[in-house]
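As they're listed, the protein sequences go chains R and H.
Heads up: the first sequence runs through residues 75 to 578, numbered per the numbering used here.
Heads up: the second sequence runs through residues 2 to 339, numbered per the numbering used here.
Quick caveat, the hints were computed from the structure, so don't treat them as lab data.
Keep in mind that this is a model prediction, so the values were computed, not measured.
Cβ atoms here follow ideal geometry from the backbone N, Cα and C, with glycine treated the same way.
Warning: the hint list may mix true and false statements.
[Stated by the list, open to error] No farther apart than 25 Å at their CA atoms in a straight line, the calculated lysine-lysine pairs in the BS3-like style are these:
#1 R:Lys298 to R:Lys505
#2 R:Lys505 to R:Lys249
#3 H:Lys188 to H:Lys113
#4 R:Lys542 to H:Lys252
#5 R:Lys195 to H:Lys105
#6 H:Lys252 to H:Lys304
#7 R:Lys545 to R:Lys298
#8 H:Lys188 to R:Lys542
#9 H:Lys105 to H:Lys37
#10 R:Lys490 to R:Lys480
#11 R:Lys297 to R:Lys542
#12 R:Lys297 to R:Lys490
#13 H:Lys304 to H:Lys188
#14 R:Lys497 to R:Lys480
#15 R:Lys542 to R:Lys195
#16 H:Lys109 to H:Lys188
#17 R:Lys545 to H:Lys105
#18 R:Lys440 to R:Lys297
#19 R:Lys545 to H:Lys113
#20 R:Lys298 to R:Lys440
#21 H:Lys37 to H:Lys109
#22 H:Lys188 to H:Lys37
#23 R:Lys297 to H:Lys105
#24 H:Lys304 to R:Lys242
#25 R:Lys497 to R:Lys249
#26 R:Lys542 to H:Lys105
#27 R:Lys545 to H:Lys109
[Claimed, not checked] Partner residues aside, some chain H positions facing chain R, computed with beta carbon under 7 Å:
#28 Asp54
#29 Thr62
#30 Leu79
#31 Leu93
#32 Val94
#33 Lys105
#34 Val107
#35 Trp111
#36 Ser298
[Unchecked claim] Covered stretches of chain R, as calculated for chain H (at least 3 residues, CB under 8 Å):
#37 186 to 192
#38 506 to 512
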Amino acid sequence: MILDVVFLSRLQFALTIMFHYLFPPLTIGMSIVLVYLETMYFFTREQVYETAARFWTQLFAVSFAVGVATGIVMEFQFGTNWAIYSRFVGDVFGSALAAEGIFAFFLESGFLSVLVFGWDKVSAGFHLFATIMVAIGSVFSAVWILIANSWQQTPAGHRIVQMMRDGKPWFVDGKPIMRAEVVDFWAMVFNPSMIDRLVHTLIAAFLMGAFFVMSISAFYLLKKRHEEFARRSFTGALLLATIFSLAQLVSGHSNARMVSREQPAKLAAFEAHYVSGPADLYLFGLPTPDGNKVNFGVKIPGALSFLIHGNRSESVIGLDRIHPQDRPSILICFSSYHLMVGIGMFFIFLTCLALYFRIRGSLFEKRWLLWIFVGSVVLAVAGNQLGWVSAEAGRQPWTVYPSLVKDASGQPVLDKDGFLVAKADEGLRTKDAVSEVVHSGQVVRSILMFGAIYALLGIFWIYVLNHKIEKGPPPFSSPPDSARNPLLATGPTPRKRLSEGDES
Amino acid sequence: MDLHVVWFVLLGVLLAGYAVLDGFDLGVGILHLFGKDEDERRIFLNSIGPIWDGNEVWLVTFGGALFAAFPEAYATILSGFYDAVMLLLFALVFRAVSIEFRGKVVSKSWRKLWDVGFALSSIGATLIFGMGIGNGMRGIPLNERGLFIGSFSDLLSPYSVLCGLLTVAMFAMHGALYLNLKVPLGKIHDRVTEWGWHTWGAFLVLYILTTVYTLIYLPHTIPTFAALPLGIVISLNVCAIANIPRCLFMKRPGQAFISSSLAIVLLVTLFSLALWPNLITASNDPANSLTIYRAASSPGTLKRMFIIALIGMPLVIAYTSVVYWTFRRRVDLKKEGY
């Protein structure tokens, strides 16, 4: 039956996590913007920075609140829908989640209140400190979640042992009860994929924040409203976006190489690489569900081999080496991965082009380009979401991914049928991870409930955001002094401005 | 030092911290609809505005700590109480939405809608918490693997409903005493003080009823008290509760709030002692109960988590103090807020 508890629980998790994940990248990215603006205000005491910081804080606060509200659901969903998983990994995964609560959430939420409500209650210096603490807290939160999730992808620092009960090995109905226990905490924290994935996720969050700021600023520029404010915000965010778009390319490359080492099945699914051997890189295409053919495909021959091994004819493991029951969905992986990469490439092109015009001083007359920036925030959201879809769909059919058996030279071992050998008893299949006592009716009800409230929440969030954007920042109380601060000047831009608008 | 015991205590601390802190903002929500006009309701919302979000972090961290220290209990409770947990999460999300969106549009019916949403979700969440505690006291049927084998209707016993109502009254009282500290002096302050008396009365009646019910029908929760000199917890609890009307009468709102906080901490302590040494008591067969030893993570993880808690908890207390100190004054509607 298709509407079984496993399918429904996966649907529910996808729904709640994807909705939740609209907000964390935005708030992580925006917290960096706020730190910049407040630092500038603290040192220059120019009203414009305070006005800008107050304006972005409003949008930040409402997004943060929705992020927190939807995040509470995530904390408990492992236990409600994935009880077997929770029992199996609690020793490892629970630690990371608890550490996130203690080290990140308290920091964020405590100082958030000073950031949002403390403008007139605390000094500018303390307010800046609170803003920095919120930014650090939100990055910490990303760190611990990425540790937990990366451990699922590339488990390390643990062993699978039988549970004890009242001092004796525990059996139920003659079967031993097994679970994962941490033996090396730091190996668990710095598991093989953690750094690559954390860097990639954080850069994506910074891009999200920058594109959000650019979208709203471009809108103001097109409508000829709050132009001083918008120019300044746009320039700073553009610099940030250009640097991080390029950095994301490097990080993405490093991630793909890591995936080729740790999760070859995932990489093969990303590129619909069926037959092991020299591998091509698809620019686009539509793979058949079994992955052995790509329709409408345009590819660069040998390019995947080159990117992974630096050699166009080197062999890359294909899906034919993966046991059919261990293959992820090729259609989902291929499409989400290629869309994400496409968005990343487009961002590099777009930001470099805009930066070129900005240096020439003609960017703000190019209305067509500003319109593209207004819409690009949607692509930034999509990029963040698709990245996670490809990472998580590529982990299937496992919820805890078993590592590959490798020989002395580090090469994966094949069994007699030519399939890669995984330490299957160390992994946990998604279908074996759901709660034993939950039935599909309950999950359906909860999906309907969350679907309804999240739809409501999404609509109101956009409504409130729109309301705030329409209202805009208040006019500056002090007139812009273009002699002292060239960033506030109108007209063509001398190069000097860029250096001053760093990272806003 | 037995780390299982340490973690049992630490979870008790997190639960008590959550009940004291989110307790008053849930209480403000329970009382919200009694606010007479727009200004009063805005004062209520602004009194909890900067802190309710941080208060909920105690619940999230309680969840994370339970997951890390006692994964078997985490999995059994959350999957066993599935429908109740989903309703609770729904109420908490809805409540956050109500608080955040209410003030964003100037329209009478819009605000009315979120006022009702805020009050109902606060009452709903509190009721579910209380009923959860009630079921914890009674115990639930578990099989040998530690899985819940009852049904949703098993969770709706008269005792759990009574505990739910007790919690609603307790948080309403706690919220009224908090408002007593925070609302501007004048008419609104007099009314809030009056609520303090009424909610205290309701709490007292339900407290006595619950105590009698527990003594008569739940004898299995008594032995811990008999074995240890724990009369002191009960006496302290009674003193804290009795001190509230005295402080209200003598116009000492700070002391009244501290007394109700203390009463909540002591009630959480009593609940923990009644459970001990179980996290979940199996009502069908004590051999299936999830004790702090059976439900725990490995000793190594308990130790590492303890180190994390030793580093983290002082920081948490520091942040919390800074925030409460920053927002210590009575609410002033002229300043920005909800």
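Hints, one by one, checked against the model:
| no. | hint | verdict |
| --- | --- | --- |
| 1 | R:Lys298 to R:Lys505 | violated (55 Å) |
| 2 | R:Lys505 to R:Lys249 | holds (19 Å) |
| 3 | H:Lys188 to H:Lys113 | holds (23 Å) |
| 4 | R:Lys542 to H:Lys252 | violated (43 Å) |
| 5 | R:Lys195 to H:Lys105 | holds (22 Å) |
| 6 | H:Lys252 to H:Lys304 | violated (46 Å) |
| 7 | R:Lys545 to R:Lys298 | holds (14 Å) |
| 8 | H:Lys188 to R:Lys542 | violated (34 Å) |
| 9 | H:Lys105 to H:Lys37 | holds (20 Å) |
| 10 | R:Lys490 to R:Lys480 | holds (15 Å) |
| 11 | R:Lys297 to R:Lys542 | holds (15 Å) |
| 12 | R:Lys297 to R:Lys490 | violated (67 Å) |
| 13 | H:Lys304 to H:Lys188 | violated (53 Å) |
| 14 | R:Lys497 to R:Lys480 | holds (10 Å) |
| 15 | R:Lys542 to R:Lys195 | holds (23 Å) |
| 16 | H:Lys109 to H:Lys188 | holds (23 Å) |
| 17 | R:Lys545 to H:Lys105 | holds (12 Å) |
| 18 | R:Lys440 to R:Lys297 | holds (13 Å) |
| 19 | R:Lys545 to H:Lys113 | holds (24 Å) |
| 20 | R:Lys298 to R:Lys440 | holds (13 Å) |
| 21 | H:Lys37 to H:Lys109 | holds (14 Å) |
| 22 | H:Lys188 to H:Lys37 | holds (11 Å) |
| 23 | R:Lys297 to H:Lys105 | holds (24 Å) |
| 24 | H:Lys304 to R:Lys242 | holds (21 Å) |
| 25 | R:Lys497 to R:Lys249 | holds (19 Å) |
| 26 | R:Lys542 to H:Lys105 | holds (9 Å) |
| 27 | R:Lys545 to H:Lys109 | holds (20 Å) |
| 28 | Asp54 | holds (5 Å) |
| 29 | Thr62 | holds (3 Å) |
| 30 | Leu79 | holds (3 Å) |
| 31 | Leu93 | holds (6 Å) |
| 32 | Val94 | holds (5 Å) |
| 33 | Lys105 | holds (5 Å) |
| 34 | Val107 | violated (10 Å) |
| 35 | Trp111 | violated (10 Å) |
| 36 | Ser298 | holds (4 Å) |
| 37 | 186 to 192 | holds (count 6) |
| 38 | 506 to 512 | holds (count 4) |
Violated hints, in rising order: 1, 4, 6, 8, 12, 13, 34, 35; the structure is consistent with all others.
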